[in-house]
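The lines below spell out each chain.
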Amino acid sequence: MSQTAVPTSASKVWVFYAFALPFAVLTIVFGLWPIVLSLIVSLTDSATALRPEPRYVGLENYRDVFGDPIFLRSLVSTVIYTVAAVVLNLSFALFYALLLNSTLIGPGRTFLKVAMFLPVVTPDIAGYAVWRWLFDSSFGAINAGLSLLHLPPFGGIASPDTVMIAVLVAELWHHAGFYILIFLANLAICDRALEEAAAIDGANRWQRKFFIVLPQLRPALLINGIYALIQFLKTFTVVVVMTKGGPNGSTNFVSYYAYNLFDQGRYGEATAMASILFFIVAAVALVAYRIGDRGSAR
Amino acid sequence: MKQPLGLRLLAYSVAILVSIFFLYPYWWMLLGAFRPTEAVLTNPLQLWPESLDFSAFESIARVSGVPIWRYIVNSIFITAASTVIGVAITALGAYALTRRPDLLAFKMLRSGFLLTMMYPYMLLVIPVYIVIFKLGLLGTYTGIILFLALGPVQFFLFEQFFRSIPGEIIEAAIVDGASEAQVFLMVVMPVSMPVVATVTIITFLLNWAQWFPVLVISRSPDTYTLPVALLNMTGELGVNFQGIMAIAIITTVPATIVFLIAQRRVMQGMADGSVKG
Numbered sequence: 129m130s131q132t133a134v135p136t137s138a139s140k141v142w143v144f145y146a147f148a149l150p151f152a153v154l155t156i157v158f159g160l161w162p163i164v165l166s167l168i169v170s171l172t173d174s175a176t177a178l179r180p181e182p183r184y185v186g187l188e189n190y191r192d193v194f195g196d197p198i199f200l201r202s203l204v205s206t207v208i209y210t211v212a213a214v215v216l217n218l219s220f221a222l223f224y225a226l227l228l229n230s231t232l233i234g235p236g237r238t239f240l241k242v243a244m245f246l247p248v249v250t251p252d253i254a255g256y257a258v259w260r261w262l263f264d265s266s267f268g269a270i271n272a273g274l275s276l277l278h279l280p281p282f283g284g285i286a287s288p289d290t291v292m293i294a295v296l297v298a299e300l301w302h303h304a305g306f307y308i309l310i311f312l313a314n315l316a317i318c319d320r321a322l323e324e325a326a327a328i329d330g331a332n333r334w335q336r337k338f339f340i341v342l343p344q345l346r347p348a349l350l351i352n353g354i355y356a357l358i359q360f361l362k363t364f365t366v367v368v369v370m371t372k373g374g375p376n377g378s379t380n381f382v383s384y385y386a387y388n389l390f391d392q393g394r395y396g397e398a399t400a401m402a403s404i405l406f407f408i409v410a411a412v413a414l415v416a417y418r419i420g421d422r423g424s425a426r
Numbered sequence: 172m173k174q175p176l177g178l179r180l181l182a183y184s185v186a187i188l189v190s191i192f193f194l195y196p197y198w199w200m201l202l203g204a205f206r207p208t209e210a211v212l213t214n215p216l217q218l219w220p221e222s223l224d225f226s227a228f229e230s231i232a233r234v235s236g237v238p239i240w241r242y243i244v245n246s247i248f249i250t251a252a253s254t255v256i257g258v259a260i261t262a263l264g265a266y267a268l269t270r271r272p273d274l275l276a277f278k279m280l281r282s283g284f285l286l287t288m289m290y291p292y293m294l295l296v297i298p299v300y301i302v303i304f305k306l307g308l309l310g311t312y313t314g315i316i317l318f319l320a321l322g323p324v325q326f327f328l329f330e331q332f333f334r335s336i337p338g339e340i341i342e343a344a345i346v347d348g349a350s351e352a353q354v355f356l357m358v359v360m361p362v363s364m365p366v367v368a369t370v371t372i373i374t375f376l377l378n379w380a381q382w383f384p385v386l387v388i389s390r391s392p393d394t395y396t397l398p399v400a401l402l403n404m405t406g407e408l409g410v411n412f413q414g415i416m417a418i419a420i421i422t423t424v425p426a427t428i429v430f431l432i433a434q435r436r437v438m439q440g441m442a443d444g445s446v447k448g
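Chains as they are written, first to last, in the numbering used here: chain H, 129 to 426; chain R, 172 to 448.
Isolated chain R, as found in the complex (with noise of 0.2 Å):
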């Protein structure tokens, strides 16, 4: 069909106005981040910095008397544990399920996934609080990592692809005599391979982003991730708009960065995981 010219560029001038509704906030960011401050305050519509100014991340360098480098490796290594952990147990759990979904266990199982993913998570995190504590795990990273290890999305794209495998595969297996335990590592996990790398990539985005159970689980900053020091950021005295912006910047930038590369993926991925649910 050929579309009228005049109709395609009205479409594509909505379409670019809606992208900078999109986009304008990340360039603010980063002007906000290399501007100094009284310039911001001055013209806070410039588009392009007069002067690279760094101090804002000088000015940084510690946050609630913890220094800047803490929070970053606290976020890598909170995020990739809770990442590897989760998919592992993830995976083995929806396989186990999608198996034997003849099982009561396994069909009470998944009923009480299910419902744990229905309560509004924010308040859950509050008998969390209760149960970490019970167990003596507040204010430790394992506390944090194994709270962060499940979430539906995850599930759900293992068990949509673990039940689109053909059961001959596996039935040709077993009769060649292999062990369950060699079936899912020999068998399943090779064809997984894909699915096994978005679900990872999804984790890793939303786990990154985490910030209520870690300052809920933590005792103090020392245990506290970027989202975390950002948002403690923003209720210190005095205000450091220079500072938070570069914060943000680099809260943002890895999550930004891991998208990009693998966009395509990442979109599919949610978009199956959310409606199987």
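Isolated chain H, as found in the complex (with noise of 0.2 Å):
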């Protein structure tokens, strides 16, 4: 029915009205009202919280968040990660739905495809657990594997050194899958006979990825870019389930830290926290939106 929609007498108007009711209500109670509910309880003495007359405190919580040395911390390498991860995956799907695309691949696809999207739908804690003992010192398949391969241990998640790198591992096979089906769904309407009219002219195989198919590739890469960058910034499951924000608080994420606040029945810090990453994640997004956009209309 496209933008024009279908007249209806003035008097049907509340039928529609009915049909969007629930999802309405539904809107209003779990999402709206609760971030209104955020931002006032941000402002509030966490004590009184959640009492019928909360003390209200102006931005004493922001004050308090932003002079706390773990949450400066905490902030930072939740910077880190997200910089890490985003550049990880989406490289790595580029590269792979390139090669799931390319004329190189013929039987099989299906299968592949398959496989790279499974760990998508697999529950994540359960991928989480999994990998949290393959990377185990004792019970784990990939100290064993090196050893065999005569090569030294990784630390894994016990080591503050390399914790974020087996996070990052962990992620990136949770996570890739998704992206890899976007730069797929967008390789399969870029124009093949471009490609093949560039090979005419002589221009190799990377030479045609690198000046014909990467530009085509913008709108994927403008959504992967802000779906990962806004995933990674509240990366928390994959905490809860390997690290527990550790070893010595380095894999303690600005989501993880927000919430063993609240848990803590620190709701005003909680909340403050909770509102200050929300308005970077809208910033990045609408940065990254800005910048995709005006690139397109080049």
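Please keep in mind that the hints were generated in silico from the structure rather than gathered at the bench. All values reported here derive from a predicted model rather than from experimental measurement. Errors might be hidden in some of the hints.
Here are some chain R residues pointing at chain H (derived, C-beta under 8 Å) [to be verified]: (1) Val211; (2) Pro215; (3) Tyr290; (4) Met293; (5) Val362; (6) Asn411; (7) Met441.
Partner residues are not named here, just some residues of chain R that face chain H (Cβ under 10 Å, in silico) [as the list claims (entries may be wrong)]: (8) Tyr183; (9) Met357; (10) Thr405.
DEER-style ranges, computed between Cβ atoms [as the list claims (entries may be wrong)]: (11) Phe339/H - Ala259/R: 30 to 40 Å; (12) Pro343/H - Asp224/R: 50 to 60 Å; (13) Asn214/R - Glu188/H: 55 to 65 Å; (14) Pro343/H - Glu209/R: 54 to 64 Å; (15) Val211/H - Ile191/R: 24 to 34 Å.
C-beta: ideal position from N, C-alpha, C; glycine also.
Now that you have both chains on their own, put them together as the hints suggest.
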């Protein structure tokens, strides 16, 4: 029915309100109200936050949060992790999507696609629980494999130096399939004729990928970029299952730290942190969107 | 285009290596559950079980004082109920919003919904706890199911599809004297069955994996689902490695089966529902 709505008589409008009512109720009760409430709670004293008449303390919670060295460290590690995860996931996904889409892969493509997407629909808790043990020094297959190859052992989640790498690998396993899928969907609508024309003009395989295919992948790069930024800024489940923020707070990312405060009943600071993270996520998404948008208008 | 054999071999080798990265954890999980713990400790890399040991499944008969079947039933019930309710409510809502995009209230509702979906999910759960507490729904199935009902992918898939239905079909039905309810049930719904199926399967998979809202809204393990039970078990004293792998299997198998049966539909739907956002 596109943008032009089918004309209905004015008296029939109530039918559509009735249709949309349950959807509106759920959106308000479990979406908008909590967001507003979160902002309000972030302005109250934690001990009184859940009482009928909470004590308002202005921006004190925000001041406390920004004066908290643990939070600042948490923010820095969240940003470092996000950048690493976005770069790793998108470059790997782009590379693998190009491979799956190339004429080099023929039979078995469906199997390869199912294999890469299965982890996306596997409950993340189960996937991360398995990875947590794969990295284990006594149970794990990874260190057993390394010693078989006479390589030095990998510290995994036990050492502050390697824990980020372990978490990155586990998250790549769970998320990459989604980004590959989006690249593949974009590749499916790319113009093969352009590539063939370039081949006739003498461009080699890599030149064709870089100069002909990559520019056509701008929409997928934009979508994946925004999704990945949002995804990894709020990294949470993998931390809960694999590291509990450790060792030595090296994976104590913002959403995990906020949840810990919430668990301790420090509602005011927890919601202040939630609001800060929300503004970061929204700002980053907006900037990424603007950059992508300007690029396509050129 | 004929491709050189060497290059094809290289491409397949890389693809197989990457697939091993994706699939090996599943095999290792199966081995971990069915091999005795001592055997795993001596040789974590073994690719075939030396003997089958089912003791893990006895050891997880009760987790956190609650029988395992209760988690299984909770998972099935909560996932099924939230999926059915979510699909129905989202279909009706998205339909109303695409039929009358001119209404100010609907414009605001759509923006509000999008804003909600942008809010970091993990952090939304904190204030949702407070809302659920105020509504007196803490620790109830109703609270969990209603919270899980809405999701962005579902909404975008319905919206996209309803926008693609030609207006003439609806107009013709109205000229023939059909009411709006009849139009929705007898004209729109029959042609929407494929998208309803896609959304149902995707919602099922997404909700089956949910754990955080379930944990936060629950008051006791009585309303936990399988993923939450699994998480709880990793925190319990004493490491029951075999048991953890066994629950991981029970949690993973249903989603895997559903995905394998409907893989084409799921992947197509996930791509369509994400590109629109």
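Residue hint Pro215/R, partner chain H, criterion CB-CB below 8 Å: Hint on Pro215/R: holds, closest Cβ of chain H at ~4 Å, below 8 Å.
Val362/R as chain H interface residue, shortest Cβ-Cβ below 8 Å: Not OK, violated: Val362/R not within 8 Å of chain H, min 12 Å.
When the least beta-carbon distance from Thr405/R to chain H is tested against 10 Å, hint result: holds (6 Å)
Given hint Met293/R near chain H, where the shortest CB pair must fall under 8 Å: holds (5 Å)
Ala259/R and Phe339/H - C-beta distance against the hinted 30 to 40 Å: violated (49 Å)
Hint check: 8 Å Cβ-Cβ cutoff, Met441/R to chain H: holds (6 Å)
Agreement of hint Tyr290/R with chain H interface, Cβ distance less than 8 Å: Given a least distance of 6 Å, the restraint on Tyr290/R holds.
Restraint satisfaction for Tyr183/R [CB to CB of chain H, less than 10 Å]: holds (7 Å)
Asn214/R paired with Glu188/H, Cβ distance criterion 55 to 65 Å: The hinted range 55 to 65 Å holds for Asn214/R and Glu188/H, with Cβ atoms some 57 Å apart.
Pairwise beta carbon distance, Pro343/H to Glu209/R, judged against the given window 54 to 64 Å: holds (57 Å)
Interface hint status, Asn411/R versus chain H (Cβ within 8 Å): violated (12 Å)
Interface hint outcome for Val211/R [beta carbon to chain H under 8 Å]: holds (6 Å)
Of the numbered hints stated above, those contradicted by the structure are hints 5, 6, 9, 11, listed in ascending order.
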